[in-house]
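Engineer: Listed here are the chains, written in short residue letters.
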Amino acid sequence: MKRQNVPQLLGALIVVFFVAFPFVYSGGNYDYIMHICIIGFFYAILASSWSMLAGYAGQFSFGHMAFMGLGAYTTALLCHYFFLSPEPTGICTEFAIGGHYLIVKNPIGVTSTTLTQDCLAQAMDKWNGTVEVTPMPVWLGIILGTVVGGIFGLLIGLLVLRLRAAYLALFTLGFSEILRATISAEIQITRGQAGLELPSLFENGITIAGHFFSKTDKIPPYFVMLFLLLGCLAVLYWLSQSRFGLFVRALREDQDAAAALGVNTTRYKVLVFVVTSSMAALAGTVYAHYVTIITPNNLMILQMSLVVAMAVIAGVESFIAAAIGAILIEFILEMLRTSFSIGGVTVDMTLWRLVFFGVVLMLTLRFARNGLLVPIIDFFTRGHVAAETVARRSDETAKTQNRETQS
Amino acid sequence: MIELSVSRLNKRFGGNHVLKDVSFDISGAEMVGLIGPNGAGKTTLTNVLDGAVKPNSGTVYLNGTRIDQLPSFEVAKAGLGRTFQVTRSFRRMTVLENLYVPAMAQGRSHKSAEVQEEALEVLDFLTMAHLRNEYARALSGGQQKLLELGRLLMLDPDVIILDEPFAGVHPKLMEVIYEYIRRVNERGKAMIIISHQMDSIFALCKRLLVLNYGDLIADDTPEKVKNDPVVIEAYLGTTEDRSGTGQHDDETRSTDG
Numbered sequence: 001m002k003r004q005n006v007p008q009l010l011g012a013l014i015v016v017f018f019v020a021f022p023f024v025y026s027g028g029n030y031d032y033i034m035h036i037c038i039i040g041f042f043y044a045i046l047a048s049s050w051s052m053l054a055g056y057a058g059q060f061s062f063g064h065m066a067f068m069g070l071g072a073y074t075t076a077l078l079c080h081y082f083f084l085s086p087e088p089t090g091i092c093t094e095f096a097i098g099g100h101y102l103i104v105k106n107p108i109g110v111t112s113t114t115l116t117q118d119c120l121a122q123a124m125d126k127w128n129g130t131v132e133v134t135p136m137p138v139w140l141g142i143i144l145g146t147v148v149g150g151i152f153g154l155l156i157g158l159l160v161l162r163l164r165a166a167y168l169a170l171f172t173l174g175f176s177e178i179l180r181a182t183i184s185a186e187i188q189i190t191r192g193q194a195g196l197e198l199p200s201l202f203e204n205g206i207t208i209a210g211h212f213f214s215k216t217d218k219i220p221p222y223f224v225m226l227f228l229l230l231g232c233l234a235v236l237y238w239l240s241q242s243r244f245g246l247f248v249r250a251l252r253e254d255q256d257a258a259a260a261l262g263v264n265t266t267r268y269k270v271l272v273f274v275v276t277s278s279m280a281a282l283a284g285t286v287y288a289h290y291v292t293i294i295t296p297n298n299l300m301i302l303q304m305s306l307v308v309a310m311a312v313i314a315g316v317e318s319f320i321a322a323a324i325g326a327i328l329i330e331f332i333l334e335m336l337r338t339s340f341s342i343g344g345v346t347v348d349m350t351l352w353r354l355v356f357f358g359v360v361l362m363l364t365l366r367f368a369r370n371g372l373l374v375p376i377i378d379f380f381t382r383g384h385v386a387a388e389t390v391a392r393r394s395d396e397t398a399k400t401q402n403r404e405t406q407s
Numbered sequence: 001m002i003e004l005s006v007s008r009l010n011k012r013f014g015g016n017h018v019l020k021d022v023s024f025d026i027s028g029a030e031m032v033g034l035i036g037p038n039g040a041g042k043t044t045l046t047n048v049l050d051g052a053v054k055p056n057s058g059t060v061y062l063n064g065t066r067i068d069q070l071p072s073f074e075v076a077k078a079g080l081g082r083t084f085q086v087t088r089s090f091r092r093m094t095v096l097e098n099l100y101v102p103a104m105a106q107g108r109s110h111k112s113a114e115v116q117e118e119a120l121e122v123l124d125f126l127t128m129a130h131l132r133n134e135y136a137r138a139l140s141g142g143q144q145k146l147l148e149l150g151r152l153l154m155l156d157p158d159v160i161i162l163d164e165p166f167a168g169v170h171p172k173l174m175e176v177i178y179e180y181i182r183r184v185n186e187r188g189k190a191m192i193i194i195s196h197q198m199d200s201i202f203a204l205c206k207r208l209l210v211l212n213y214g215d216l217i218a219d220d221t222p223e224k225v226k227n228d229p230v231v232i233e234a235y236l237g238t239t240e241d242r243s244g245t246g247q248h249d250d251e252t253r254s255t256d257g
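Going down the list, the protein sequences come from chains F and A. The first sequence: position 6 = 6 (my numbering), numbered continuously. The second sequence: position 242 = 242 (my numbering), numbered continuously.
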């Protein structure tokens, strides 16, 4: 086997490992470990798509978690406020669609439901179980959340066309904070810090191959998030190998030179924002339906820093490295929660683990700017290049000498 | 036949009038030198021609298509390519990938045998075939300059503007660049060469444009330009200075024009 094929083989083994893992792992902390895996996959989608944006295209955006939040809040708001009913309530905002009514609940903010009921709850009381309303399907919320993320990606992409480096970072940071502040402030609609509850990914459970999984079972969301990650990685791989990948890298290296060679830099800069923000929004929608609550804290700069750190520590110029790094770091951060004592002094690792993480980030930036995983991948994929160059040069020199001798 | 027509171009940056009613035409496979002291407007003219900077007034037509309001990538597709004064290779991309960018921007695929062969031919010609899989950042300054020229071969434009192709290049590499210019010109391409190296410009070009603080003060053969008192006053210096090899110019006017 060629050395260049080792990463592909390792990648296939990692995929097989994660597909088999839920069926072979039988520890007492099964649900907890599965939860870490699901969250690890979630961060892997974010870190790998951010790697395409920042590492490949050079667009150092701090707005990635905002797109995640946009997706999550879109599906949360749709699921919270929109219902389909065969009967009109007469008190909600409603639109006749075919033989049904699209009910839009009135926002009541954060209040005790025993004191204030929304219009649909009042109507349901009145109907006394005779009318069954249909909530927004989760899959539709996921699709619409992804689309909204993509639309905002398009708008932000257009707005930052002329911005580079620190200005782009500050702009996207501002966008992210404005979004978070808006969600926090619009308590009446978004319930502010109290957060919005969502239905579970499989609210009524799901039967797969004759086996019923309840809505709290970890296996269905595990595979949804895993296949979502694999799907995103497949799309990113395809993009990286195509015209798109070559052009966004040229864009990162020198926008003006790329344009002078015929690359429509505007189109590709906007496109990379649309693609990556859609992925972040998609991850956000599924995450929100998995944890069944979304709050403005999910959009905090600390969360964005975590994604950036995961990608940077693993290697921002490879989305594969970023994805693997995200899963590993999520595991390490969870494992580091265990506190310990030194000479009677207890070290509270729930706090100190982040310090450890920060130190690793700083050391990586200082001593391994390509990250910790990218040099390993490069060793296998590009380790042969130097020797090839030397061999080709020797060949060319020999040919030249032969020609000179003959003449 | 190639027709580049520049008419009454004006460009101002604030109160600085950098191009003043600049007009000239290039037709066929002409090789034109563009010279002038620093601040003359040479690079601004290049930027306006390639669409990176929009002129305040005036027009540029290439083969009958107006290009002065087009973005850079459309100007490139219309048939005008350029290099930069300071080499701008895609440093974290391989040499081959650098060459694939212009080919793919024209809708060709880097996976096609035709494009791959063409890229290798270009590298062979530039004596860099052995470096094909190296990152551009691993190349020397001279090799990066050659790579930039190679990208233009892959773009295959009708008009090529070379901004200081001989600056900081050792004699052996200079030979490769000379050969490049001759071969590209033989393919029927028009070229505008910006340089402070008078020997090279006089040897290669049969026509010189001289810019001086935004004014096109001469458009003639090298012999006539050399003896034009306005040009001597503005750029070439005294007769004693010109008797040398142009070293004086290189040393004193080495920065952006």
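Hint data in this document are derived by calculation from the structure and do not stem from the laboratory. Accuracy of the hints is not assured; some may be wrong.
Some chain F residues well away from chain A (every beta-carbon gap over 12 Å; in silico) [claimed, not checked]:
hint, residue
1, L173
2, M335
3, M362
Taking lysine-lysine pairs in the DSS-like style, the calculated list, with each CA pair at most 30 Å apart, reads [as the list claims (entries may be wrong)]:
hint, chain 1, residue 1, chain 2, residue 2
4, F, K2, F, K399
5, A, K111, F, K399
6, A, K172, A, K20
7, A, K224, A, K20
8, A, K206, A, K172
9, A, K77, A, K111
10, F, K2, A, K111
11, A, K172, F, K399
12, F, K215, F, K105
13, A, K111, F, K269
14, A, K224, A, K206
15, F, K269, A, K54
16, A, K54, A, K20
17, A, K172, A, K226
18, A, K77, F, K269
19, A, K77, A, K20
20, A, K77, A, K54
21, F, K105, F, K126
Backbone N, C-alpha and C define an ideal beta-carbon position, used for all residues, glycine too.
Engineer: Each hint should be assessed against the structure and marked as holding or not.
Structural biologist: Hints versus structure:
Even its closest Cβ contact with chain A, about 25 Å, leaves L173 of chain F beyond 12 Å, as expected for a residue assigned away from the interface. No Cβ of chain A approaches the Cβ of M335 of chain F within 12 Å, the least distance being about 34 Å, so the stated non-interface status holds. Once the 12 Å rule is applied to beta carbons, M362 of chain F is consistent with being away from chain A; the minimum gap is 23 Å. Restraint check: the Cα-Cα separation between K2 of chain F and K399 of chain F comes to about 29 Å, which is no more than 30 Å; the hinted pair holds.
About 29 Å separates the Cα atoms of K111 of chain A and K399 of chain F, which keeps this hinted pair within 30 Å; it holds. A C-alpha spacing of about 38 Å is found between K172 of chain A and K20 of chain A, which places the hinted pair above 30 Å, so the restraint is violated. For the hint pairing K224 of chain A with K20 of chain A, the CA-to-CA distance comes to about 23 Å; that is within 30 Å, so the pair holds. Straight-line distance between C-alpha atoms of K206 of chain A and K172 of chain A comes to about 24 Å, which keeps the hinted pair within the 30 Å bound.
Straight-line distance between C-alpha atoms of K77 of chain A and K111 of chain A comes to about 21 Å, which keeps the hinted pair within the 30 Å bound. Restraint check: the Cα-Cα separation between K2 of chain F and K111 of chain A comes to about 22 Å, which is no more than 30 Å; the hinted pair holds. Using a Cα cut-off of 30 Å, the hinted pair K172 of chain A and K399 of chain F holds, with the two alpha carbons roughly 19 Å apart. Distance check on the hinted pair: K215 of chain F and K105 of chain F sit about 25 Å apart at the alpha-carbon level, within 30 Å; holds.
For the hint pairing K111 of chain A with K269 of chain F, the CA-to-CA distance comes to about 23 Å; that is within 30 Å, so the pair holds. With a CA separation close to 11 Å, the supplied pair K224 of chain A and K206 of chain A stays within the 30 Å bound. For the suggested pair K269 of chain F and K54 of chain A, the alpha carbons sit about 21 Å apart, so the restraint of at most 30 Å is met. Pair hint K54 of chain A plus K20 of chain A holds up; C-alpha atoms about 14 Å apart against a cutoff of 30 Å.
With a C-alpha separation of about 27 Å, the suggested pairing of K172 of chain A with K226 of chain A holds against the 30 Å cut-off. Taking the CA atoms of K77 of chain A and K269 of chain F, the gap is about 19 Å. The hint holds against a cut of 30 Å. A threshold of 30 Å between alpha carbons decides the hint, and for K77 of chain A with K20 of chain A the separation of about 27 Å falls inside it, so the pair holds. In summary, the hint linking K77 of chain A to K54 of chain A is supported, as the alpha carbons are separated by about 17 Å, within the 30 Å threshold.
Of the supplied pair hints, the one linking K105 of chain F and K126 of chain F holds, its CA atoms being roughly 16 Å apart against a limit of 30 Å.
Hint violations for this structure: number 6 only, all remaining hints satisfied.
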